[in-house]
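Let chain S serve as the given structure and place chain R on it in line with the hints.
These protein sequences, in sequence, are chains S and R.
140 is the number that my numbering gives to position 135 of the first sequence; each next residue is one higher, with no gaps.
84 is the number that my numbering gives to position 83 of the second sequence; each next residue is one higher, with no gaps.
The reader is advised that the hints may include incorrect statements.
Unchecked claim - Here are some chain S residues the structure puts well away from chain R; computed CB gaps all over 12 Å:
id : residue
1  : R17
2  : S30
3  : G62
4  : D71
5  : N73
6  : R74
7  : T117
8  : E125
9  : F155
10 : S220
11 : E228
12 : E230
Said to hold, decoys possible - For each label pair, taking beta carbons as the anchor points, the in silico distance ranges come out as:
id : chain 1 : residue 1 : chain 2 : residue 2 : range
13 : R       : M252      : S       : S188      : 15 to 25 Å
14 : R       : S7        : S       : G128      : 42 to 52 Å
15 : S       : E180      : R       : G302      : 19 to 29 Å
16 : R       : K197      : S       : K78       : 52 to 62 Å
None of these hints come from the bench; they were simulated from the model.
Using N, Cα and C, we set each Cβ at its ideal position, and we do this for glycine too.
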Amino acid sequence: MKVIEVENLTKRFGSFTAVDNISFSVERGEIFGFLGANGAGKTTAMKMLCGLLRPSGGRGIVSGFDINRESEKIKASIGYMSQKFALYEDLKVWENIRLYAGIYGVPEKEATERSHTLLEELGLEKERNSLVKSLPLGWRQKLAFSVSIFHKPTIVFLDEPTGGVDPVTRRQFWEMIYKAAASGITVFVTTHYMDEAEYCNRVSIMVDGRIDALSSPASLKKEFEAESMDEVFRKLARKSKNGEL
Amino acid sequence: MEESNSKAISVKALAKNFGKVMGGGDGSGSGAVAAVAGISFEVERGEIFGVIGPDGAGKTTLFRILTTLLLPDSGEAKVMGYDTVKDYREIRKIVGYMPGKFSLYQDLTVEENLKIFATLFNTTIEENYHLIKDIYGHLEPFKKRRAGALSGGMKQKLALSCALIHKPEVLFLDEPTTGIDPVSRKELWEMLGRLKKQGITIVVSTPYMDEASLCDRIALMQEGKFLMCDRPQAIIDSFGKNLFSVKGDNMGALLDGLREAKGVLSCFAFGDSHHITAEKDNGTSSAVTAASLKAELERAGFEGVEVTKTEPSVEDCFMELLSK
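Next up, chain S with everything else stripped away, as it sits in the complex (with noise of 0.2 Å):
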């Protein structure tokens, strides 16, 4: 089953063009690695795929949902994180969950249960009346996950979530990555760490605004005879015509 389907997807703004017609799916509980030199065009791609923006066009399917005119309904049956905004810094730990589980209509009791599960299974039940900005960077990232996908959502769009994170939880988080994976819950996720674009199931490079390149990491490396996906990266984007601009 297609999580994400997308045909000839475009956004232009003015004579610039941030997205040129990519096409692509993704499979119910894959781990999809979407990456992109800075300028690529992968945060207007992400936002299109999350409705937050309108595509000039193509068309493209996200959660059974159209992103030209069910925008809204994909925004209910997603989960999001990124690195810059995850939780609200000045409110406890468990009004973060509570805020989160009230704003995709997780009911109640529901909500209450499961929230003591989460603390449990991250061993922050101590941290339950803390506020999230007195918790470590780690910590936090964890916890946003976790709320992320509270709602049990078909998808999550994950952006950069280990930027600045430690090595040991940096891996910590992707083990949870793979167990919500397992669970059926698909992943789309970008990265700036190369070594974890090993861990996603496919990965899909995107360089000024098209998709160049689009499989698994080993038949990536396989394809561009490169060692590694770092190289990889490198011999794509050294292709860019638009560089920083």
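Coordinates of chain R only, in the frame set by chain S:
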């Protein structure tokens, strides 16, 4: 001349606490947080010194003390022989500082920003153009563009140009590569290499462990302390455990399998393989070897298993230090 004056930076027992973070209603807020918890180190002139650690380790606080923007609670720090508290005026003339957060004037053009910095330091763009040519060259076609309208990578280049225009003796770069893609990161490090050749001492912080090897010496920082401070190779040489790289057909299950294997002390995913640590074998029959590990995993039903003994990276070292 005092011994410490010959160093670019000399820091003794430096500490900085921040006031109480307000906690929840149950008083769970912790007391004062030690952002810098008693650090001592030196940086040689002309060296690239890397401060490597995750967000919240205290890197920015340390940089702000060294650039005289923040007063320490105790301890002392000298930059090119000047005391960061007493001689802050002198230090401000000879250091360049690029903060982690973009701090230029968004409403001024590229050229105007650079001009302001040059003027403040009594110099002109022309006078020190040779220092920034390499970096500013990419920006010149857009010198009439507002700084706020630049892409992330371009902002970074402009900020670096502004930090260099007065020809500083010591350049402080706080996380210049955070959020930057691998290609731009590589470019930036090439620029730093060329600035080093001009004799500028560079102190740079980064959360990316793979940038450690590009520094002459590094400090691994966590919770306000330096876990270790040395040449990258010396840190690697002091690893103290045997490290193996393991691959197999089912990498997810293999992670759990390895954690149960005899003699495995730690096991983490590491790109396309898993890294495991084991005690150094001192000729004892119980020691883990590549062959014994492979045999054990195959007995447990894993297929396509490949085990190789491997040299640790700085990231392995950091993780080992964190687990202590």
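How the hints compare with the structure:
1. R17: holds, 18 Å
2. S30: The assertion about S30/S holds, with a minimum of 23 Å to chain R.
3. G62: holds, 24 Å
4. D71: holds, 32 Å
5. N73: With a cut-off of 12 Å, N73/S remains clear of chain R, as the shortest Cβ separation is near 28 Å.
6. R74: At about 32 Å from chain R, R74/S clears the 12 Å cut-off, so the statement holds.
7. T117: holds, 18 Å
8. E125: E125/S clear of chain R: closest Cβ-Cβ about 17 Å, beyond 12 Å.
9. F155: holds, 20 Å
10. S220: holds, 14 Å
11. E228: holds, 15 Å
12. E230: holds, 16 Å
13. M252/R - S188/S: 15 to 25 Å: holds, 18 Å
14. S7/R - G128/S: 42 to 52 Å: holds, 49 Å
15. E180/S - G302/R: 19 to 29 Å: holds, 21 Å
16. K197/R - K78/S: 52 to 62 Å: Check passed, 55 Å falls within 52 to 62 Å.
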